[in-house]
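Student: Note that the sequence shown covers residues 1 to 164 in the UniProt record's numbering.
Note that these hints are calculated values from the structure, not bench results. Ideal Cβ placement from N, Cα and C applies to all residues, glycine included. All clues given are correct.
Each computed BS3-like pair below joins lysine-lysine, with the alpha-carbon atoms no more than 27 Å apart:
1) 147 x 89
2) 10 x 94
3) 89 x 10
Simulated restraints on C-beta separations:
4) 79 x 150: 34 to 42 Å
5) 115 x 93: 24 to 32 Å
6) 114 x 32: 30 to 38 Å
7) 49 x 149: 36 to 44 Å
8) 35 x 154: 16 to 24 Å
9) 12 x 143: 32 to 40 Å
10) 110 x 149: 40 to 48 Å
11) 148 x 24: 15 to 23 Å
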Amino acid sequence: MSGLTPSAIKVRYAVLDDAPAILEIYQQHIPFDDINLLSAVHWIEQANSHRPMWVATIDGELIGWCSLESYYGLKVLDHMAELSLYIAKSWRRKGIGRQLMAEVMANALCINLTNLVVNVFSGNESSIRFFESLNFQRYGALPRVVKMPHHTEDIIVMGLEITG
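Produce the complete structure using the sequences and hints provided.
Tutor: Structure follows, in C-alpha cells:
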C-alpha cells in the first residue's frame, strides 16, 4: 500500500458537505458526463441505511467513495444492489478501493444483501482485474453501449454472490 496503513484510511458515511469532492472524483473517471454538483447532492440524499454511500478519507481529505443502489427498484431484487466505486486518481492502487470494499462486505448481510452487481467500462481493465481479485464473476457484456467522444466501449457486467 505504499506506506499507507489501513488505519490511516478512515471510512464513514457520506454527508452533504462531501458533494464537491465526490463530484470531482467522479469527473476524474468520466469527464465527459454531464453530471453536476446537484447530481452529487442527490446521490448523497438518496443514500440510506439499506443503500448507503461511504467515503474514504486520509487526514480529512476525501480520496474515494462507493455507494450501493437498489437494482431496478423492484421488490423481487431487494437482495441485490448495484455498486459504484470511485477513487481519486492520485490515490489509486494504494488500497483505498479494498478498504471501501471491506466496509461494503462488513455491512452487506446486515442490510440483507446477497448479491452485488457492478458495471465496468470494457476499457477499464484495472477495475475489471480489481473486481475479479475480489471474486466478482463476469456475467456478460452490453456491447457498444458506451458512446464516448472518440470511441465506443462495452459495459462488462460483473457480480458477486455474498454468503455468510
